[in-house]
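With chain X's structure known, arrange chain Y on it following the hints.
There are 2 protein chains.
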Amino acid sequence: MSNRILHKGLQAKVMSAEAAAALIPNGAVVGMSGFTGAGYPKAVPIALAKRAIDERLKGKPLKLDILTGASTGPEQDSVMSLVESQRFRFPYQGDAVTREKINAGIIEYQDMHLSHVGSMVRYGYYGKGKNNLDFAVIEVTKINEDGTLVPSSSCGANNVYFEHADKIILEVNSWQDERLEGMHDILSVSAVHGSRQPIPILAADDRKGSKYWSIDLSKVVAVVESAHPDRNAPFKAPEEMHKRIAQHILDFFDGEVKAGRLSKHLTPLQSGVGNIANAVLVGLNEGPFDQMISYTEVIQDGMLDMLDSGKLVAASATAFSVSPEGQIRFNKDIDRYRKQIILRPQEISNSPEVIRRLGCIAMNGFVEADIYGHVNSTHIVGKGIENGIGGSGDFARNSAYTIFMSPATAKDGKISAIVPFASHIDHTEHEVNGIVTEYGFADLRGKSPKEKAREIIDKAAAPEFRPFLWDYVKRAMKNPSAGLHSPHMFEEAFSFHTRYLQTGSMLPRK
Amino acid sequence: MSNRILHKGLQAKVMSAEAAAALIPNGAVVGMSGFTGAGYPKAVPIALAKRAIDERLKGKPLKLDILTGASTGPEQDSVMSLVESQRFRFPYQGDAVTREKINAGIIEYQDMHLSHVGSMVRYGYYGKGKNNLDFAVIEVTKINEDGTLVPSSSCGANNVYFEHADKIILEVNSWQDERLEGMHDILSVSAVHGSRQPIPILAADDRKGSKYWSIDLSKVVAVVESAHPDRNAPFKAPEEMHKRIAQHILDFFDGEVKAGRLSKHLTPLQSGVGNIANAVLVGLNEGPFDQMISYTEVIQDGMLDMLDSGKLVAASATAFSVSPEGQIRFNKDIDRYRKQIILRPQEISNSPEVIRRLGCIAMNGFVEADIYGHVNSTHIVGKGIENGIGGSGDFARNSAYTIFMSPATAKDGKISAIVPFASHIDHTEHEVNGIVTEYGFADLRGKSPKEKAREIIDKAAAPEFRPFLWDYVKRAMKNPSAGLHSPHMFEEAFSFHTRYLQTGSMLPRK
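The listed protein sequences derive, respectively, from chains X and Y.
Take the first sequence: its letters are residues 590 to 1099, numbered as in my numbering.
Take the second sequence: its letters are residues 590 to 1099, numbered as in my numbering.
Worth flagging that the hints you see were computed from the coordinates, not collected in a lab.
Incorrect hints may have been included.
Identical chains blur together in the list; that is why a pair holds if it fits in one copy or across any two.
[What the hints assert, rightly or not] No farther apart than 30 Å at their CA atoms in a straight line, the calculated lysine-lysine pairs in the DSBU-like style are these:
no.: 1; residue 1: Lys1067; residue 2: Lys1000
no.: 2; residue 1: Lys719; residue 2: Lys853
no.: 3; residue 1: Lys847; residue 2: Lys719
no.: 4; residue 1: Lys1067; residue 2: Lys832
From a predicted model like this one, the values you see are computed outputs, not experimental measurements.
In isolation and in its complexed conformation, chain X is listed as follows (with noise of 0.2 Å):
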């Protein structure tokens, strides 16, 4: 037995992964640790997608609702919705086949602002059990001699799983590192109605929780040993697009010291995942400003070189999620790393009452934007959902600045990711303030639905679909229909997207 597993009554409780997952009943509610590719449990899931398949030849599918922190990995998510075990999938997820099957209407999916999972977990939507859940599989990096957990590379909803799921499993993972131990900062959320206090986190880098998960040990029904790999994608150096984008909103930061309301340390920086934020990263990082810190979901190996030049004094997220060669990088610093990097649950890391007292600066991608700022972050059109809102909203309609970015174009420039009417709307004209693509940030702040539509389409649209999204503003100006607020026809509001569906380009033919 490993050396990880240090609590007498819980060495009793070792079995394989198949063992354990022979424990959970079909139709059962489980949550699980995970939140991207990092954290997640991965001999359970593999075990029980194995599982589904005997139990399918039995004519009894296995069908399973997963909750997780937010997306996971192949060992997870794929894996058990190749074997259609997912029925009901919550609160995010970033995977190919789980995607498929979602679209597909195999698995149903409720796609949740990240800051709220834990609360509605708490106030029992989710499962009949006794203490709501059915059951937890958590990934932990170590067990202590007292039975507190050291915890993985996320924190996720961790902490809700373990309180709120009847039996617990436990995946002690020995691929990640022992030292990981004291990067965490467990602060937890009361379920109790008028008996919370206030989150007492009020710099980025405060540590105010415990290293450990605590947890009610008669619950553990399993513990499992494993060896497998997180899996988060490789980083790729940024493109003449993406730093294209970067550079518009580094430009903006730059204009907005000189206007005094920002200083050089800006404020604490929110970023999505991908290519653009990454770049934002790496245009930070040989920019002029200094002494940045980070309160965000998600580290990246962006951030890695930003705490290594000193530029970034410190992280926060929940999750830690870099590429292979990062995670070398990291597990050989990796005691400088712990003391600059903190590692939260998601209900801290996205927690409105944090992120709006931080006066945080949110940037995230988009899929589309409609010309008066609202922003579509999941949907795309002919394909259907792609991952989900994440923690885009908790930090969008909180920050003191609320950015969106993408490439202006998809698909050789047949689709426009500016609209005259989004397709499906994630984030609403009340808590956008820029909208950045190659061309440039169209600054949405203290403006009017038609003064932010000329600022969308003249510095944001690419230049061959101004004439058309302008065509349609000033015909709907004509149409009294949605009144001269924010105009609209509704018989043309999405024939950008229909005109893509029908001849593959949103540009009209010539």
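Frame of chain X; chain Y shown alone:
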């Protein structure tokens, strides 16, 4: 001079409303008090409207940018809109003339979450003055000897406008009862990123601030005496329809108490303005729940009944907006009511931090909801914008329960409140828990979009529209263009709206 102006220095600044209005330059950005028909300035806006006539005759139309707490009354919004002297209006309105001018494209209007107003003004998104805004025009009840100010019947964003205006005009309104003194709890939020502390409100009836506004007296350029009454809508007894909607909500609470999720004191109540909200209050006053408390924006007549009966122990809001009859009743018993009612700045009454901490129950009206639970609070097809989002987003996004309520049809059954795709989206699928009409309560918690569609159509839609909504969903399920997560047909998504515009009814002709 009235005995309401006790500070010597400010006595010297007393002048007529016309003289004060003349101080405001054309093109100025002006922050005004006012939240609902309560506590807005009356004499100076009337004088501005009259001055606008002279200026127009001189060929230089008076155009001001007017920021308030929320809606105001006819002495401000109606008359200033009538003479077209509001170029830009922010963050909410509920006035017939203003609405008409916005929908005619004459007034630029920014419709904004009310909790954000303070921070957006502080960040400097409005005005180019030394302190951002050029002027503040604020109604108060009294000026104390030491220069502190007894607030009026609403707090709104006054703290922010006092702080961020270069010059201040005070309207001392002797119509307001002097015994309002002591009813307010004035806390402010720091503008400086990194210096904000937790908001110290731990219970809905906590008082942690000052009874008075404290301002920089050197900025006061005029003190104007007025005696105009506040103007709030008369109270209407709930109609049968409103009672039916209210009953579904009361039944829902009953179920939550039985399920152990709510105590019989419920959690702090937020309720929007209007007949359905009042019907819910009437129902709560007659129902089985007791020792309730309210954490809301606006005190309405129904809450006075609940305070009288003892069902409600206290009510926190930012505005006191009762009918003329309610006002007489309030003044008669003001010494008791003053202890039970707390008025706060809107960034505290609507604070996401406090709302989430308290676990409020948010109950707001809606214009349209779509089959997947997106809510339109603001736009009426064929007309344009109605009022605005107000504080509904602050509460919807952060409460423990987020309920939207409306009759299932409008215009004698020709308009359905449930549509395939909402023609404007103010609240997304990610935050709406319940959609209620006279037909039932659609409980959206823990459901995927397709599960929500079934619930909404079968429980909340008017029966005569159900077949057409089901027809849309079923055909969309065969249309792969939006995927099967939340299926749509973009060419028909607004078909209910276009049919209404063409035929006067959303129901297809037989």
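**OP:** Report the numbers of all earlier hints that the structure fails to satisfy, in ascending order.
**Re:** When the structure is compared with the hints, only number 4 turns out to be violated.
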